[in-house]
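The chain contents come next:
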Amino acid sequence: MTVTVYIPGDSGALALGADDVAQALADEATKRGAEIAIVRNGSRGLYWLEPMVEVATDAGRMAYGPVAAGDVASLFDADFLSGDDHALSLGDPGEIPFLKNQTRLTFARCGIVDPLSLEDYEAHGGLTGLHKAVAMTASDIVQTVTDSGLRGRGGAGFPTGIKWKTVLDAAGPQKYIVCNADEGDSGTFADRMIMEGDPFVLIEGMAIAGLATAATKGYIYLRSEYPDAIRIMNSAIGIAREKGVLGVSVLGSGKAFDIEVRVGAGAYVCGEETSLLNSLEGKRGVVRAKPPLPAHEGFMARPTVVNNVISLASVPVILDKGAEYYRDFGMGRSRGTIPIQIAGNVKHGGLYETAFGLTLGEIVDVIGGGTATGRPVKAVQVGGPLGAYFPREMFDTPFDYEAFAGKDGLIGHAGITVFDDTADMMKQARFAFEFCAIESCGKCTPCRIGAVRGAETVEKIMQGIEPEKNIALVEDLCNTMKFGSLCALGGFTPYPVMSALTHFPDDFRKNPFLQAAE
Amino acid sequence: MVSNLSPDFSGDRVAAIVDELVDLEGPLLPILHAVQEEFGCVPQDALPVIAKKLNLSRAEVHGVMSFYHDFREQPAGRHTVKICRAEACQSMGGDRIAEHAKGRFKVDFGQTAPDGSVTLEAVYCLGLCACAPAAMVDGKVVGRVDEARIDAISSEVRS
Numbered sequence: 001m002t003v004t005v006y007i008p009g010d011s012g013a014l015a016l017g018a019d020d021v022a023q024a025l026a027d028e029a030t031k032r033g034a035e036i037a038i039v040r041n042g043s044r045g046l047y048w049l050e051p052m053v054e055v056a057t058d059a060g061r062m063a064y065g066p067v068a069a070g071d072v073a074s075l076f077d078a079d080f081l082s083g084d085d086h087a088l089s090l091g092d093p094g095e096i097p098f099l100k101n102q103t104r105l106t107f108a109r110c111g112i113v114d115p116l117s118l119e120d121y122e123a124h125g126g127l128t129g130l131h132k133a134v135a136m137t138a139s140d141i142v143q144t145v146t147d148s149g150l151r152g153r154g155g156a157g158f159p160t161g162i163k164w165k166t167v168l169d170a171a172g173p174q175k176y177i178v179c180n181a182d183e184g185d186s187g188t189f190a191d192r193m194i195m196e197g198d199p200f201v202l203i204e205g206m207a208i209a210g211l212a213t214a215a216t217k218g219y220i221y222l223r224s225e226y227p228d229a230i231r232i233m234n235s236a237i238g239i240a241r242e243k244g245v246l247g248v249s250v251l252g253s254g255k256a257f258d259i260e261v262r263v264g265a266g267a268y269v270c271g272e273e274t275s276l277l278n279s280l281e282g283k284r285g286v287v288r289a290k291p292p293l294p295a296h297e298g299f300m301a302r303p304t305v306v307n308n309v310i311s312l313a314s315v316p317v318i319l320d321k322g323a324e325y326y327r328d329f330g331m332g333r334s335r336g337t338i339p340i341q342i343a344g345n346v347k348h349g350g351l352y353e354t355a356f357g358l359t360l361g362e363i364v365d366v367i368g369g370g371t372a373t374g375r376p377v378k379a380v381q382v383g384g385p386l387g388a389y390f391p392r393e394m395f396d397t398p399f400d401y402e403a404f405a406g407k408d409g410l411i412g413h414a415g416i417t418v419f420d421d422t423a424d425m426m427k428q429a430r431f432a433f434e435f436c437a438i439e440s441c442g443k444c445t446p447c448r449i450g451a452v453r454g455a456e457t458v459e460k461i462m463q464g465i466e467p468e469k470n471i472a473l474v475e476d477l478c479n480t481m482k483f484g485s486l487c488a489l490g491g492f493t494p495y496p497v498m499s500a501l502t503h504f505p506d507d508f509r510k511n512p513f514l515q516a517a518e
Numbered sequence: 001m002v003s004n005l006s007p008d009f010s011g012d013r014v015a016a017i018v019d020e021l022v023d024l025e026g027p028l029l030p031i032l033h034a035v036q037e038e039f040g041c042v043p044q045d046a047l048p049v050i051a052k053k054l055n056l057s058r059a060e061v062h063g064v065m066s067f068y069h070d071f072r073e074q075p076a077g078r079h080t081v082k083i084c085r086a087e088a089c090q091s092m093g094g095d096r097i098a099e100h101a102k103g104r105f106k107v108d109f110g111q112t113a114p115d116g117s118v119t120l121e122a123v124y125c126l127g128l129c130a131c132a133p134a135a136m137v138d139g140k141v142v143g144r145v146d147e148a149r150i151d152a153i154s155s156e157v158r159s
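Residue numbers (the numbering used here), protein chains in the order written: chain W, 1 to 518; chain H, 1 to 159.
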């Protein structure tokens, strides 16, 4: 009997040797005459256990990890194909606390199904949302998404339903759905994981968005740093076209919708929606002034929905299970679930989808298990390079858009990067300016010039040149950048800088002469 | 491993690439990617060909090409090693790894070794933030990079 063995093809698993493990498993099976079928699934998001190999047994899936190619022979010796015990046994993966305690709505199938099997996708509840949407009017779909309370998961937190309604109401010969898959924030990988692990859910979400707004063409603007996601997404789109999920008549509805992947070219600023649209049009990725909103004049000056991958991938479950079901998770005005990405110097790094409302401390200390180095946590940066650094004293902050804004921070794309006590926050502040200088599109002065001057000024503080005067200068510069920049790159760079200055003042007041003598 | 070195430039080949992609909405980025795929870089000689076909000025095409970090005027070395310099990798000693790589490869970021063996590039996030520090060697991802791994990559690309 052929036994199905799952070895993630997720690039996080590949980076830890999953391809070598897959090869070793295939070779060893041939050598021993064992009949196995290898499925390259997505990752379940438990990266400290990757590559995590799973076997489909009579008692359900059994997991082993982290598996190296050198472990393969001993796995066969222990009869892992029957789910038997081995030093790397993890048991039923669904029972691992990190996974068991999650609420997986958007990531329900990720790591479980074969990403390129539409049959598998449907067997696990896929396409139900799209089937329901096909039977609904456009405005009913929009209303459902509005009622769900879904807000843009890219970082801005704008209500998705309202954006869709604007596009539905806008007149135009051609409307577009543009998926922002330019996930450039350090500490985030949820978009990558879903595109590699469950690409059909994004396709389904985009098709629903098309039906809801009368848009017939979708683009996925996917960053070039994600070659594996590009390959898997393109294959999935091909399959969806072949099976009538995409094309001239979506699921036989008579309504057309098709998707094309466009590859970015290494510009971080293209994660900003107007700069992304310019890039998609073949121009320099320079930010546009708003208004006009992309919903009115977006791609090719036509009405365009621009949504993040996770926003779109959350739509199928909302249509499938209803607005109330989704809305009943969460707190305050942050409804539903959020895939938190726990990254950096952390023991249990990975993806943790849960309802809004966990405190930062619970996420870092309990779920993440503290630092990988075993040293005390000094700071966590929430929301990528434009997010604030939070000290331990603020770990009671609940994961909620408004709560983070209230503490001069942001959730952003929900990435959390953990730093231990060896981190130098003055260096991190300088890096924030340097990064902004490298990635600035150059359109507005506070960002283009401010970032360069900011990095120079922090450098002066580092050298002990008039530190108090220069700290005041940095604060003033941050104020100018925050209120004078056209987009979030220049406008939010002050978050990491000011939070470092405010919460870690001692790091900026080291005596450089003493330091040099050490 | 695959060589990145450019075959001889051909304006006709560039024209053919443009003809293939010109019907896309906003074709310039796909064209530049395809040209770079073909020649290992976007040679300056390709710009007027693209510009003429798209009814743009050469300056406009150059402006787009030079805006994006991915497009290069000169071909990279036989191997390209990208090392993530962003925060999640910094938190796991990425700066130390970056310095070690510079020493090993004897080049700075953005440079190609004189023997053409390797180009070292900085990248800002490969989405491997839960297995940092991360790198990419000829398009293949590598996680939890340490000094020994850099040494191994170095002997591989120099061989």
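Calculated from the structure, these hints are not laboratory results.
This structure is a prediction, so every number in the text was calculated from the model and none was measured.
Hints should not be assumed to be uniformly reliable.
DSS-like, lysine-lysine: derived pairs with alpha carbons at most 25 Å apart [as the list claims (entries may be wrong)]: (1) H:Lys52 - W:Lys283; (2) W:Lys283 - H:Lys53; (3) W:Lys469 - W:Lys482; (4) W:Lys31 - W:Lys100; (5) H:Lys102 - W:Lys427.
A quick look at each hint next to the structure:
Of the supplied pair hints, the one linking Lys52 of chain H and Lys283 of chain W holds, its CA atoms being roughly 16 Å apart against a limit of 25 Å. Distance hint between Lys283 of chain W and Lys53 of chain H is fulfilled; the C-alpha atoms sit about 16 Å from each other, no more than 25 Å. Between Lys469 of chain W and Lys482 of chain W, the direct Cα distance comes to roughly 20 Å. Compliance with the 25 Å bound is thereby established for this hinted pair. Distance check on the hinted pair: Lys31 of chain W and Lys100 of chain W sit about 36 Å apart at the alpha-carbon level, beyond 25 Å; violated.
The hinted pair formed by Lys102 of chain H and Lys427 of chain W meets the criterion: a straight-line CA distance of about 20 Å does not exceed 25 Å.
Violation of the numbered hints given earlier is confined to hint 4; every other hint is satisfied by the structure.
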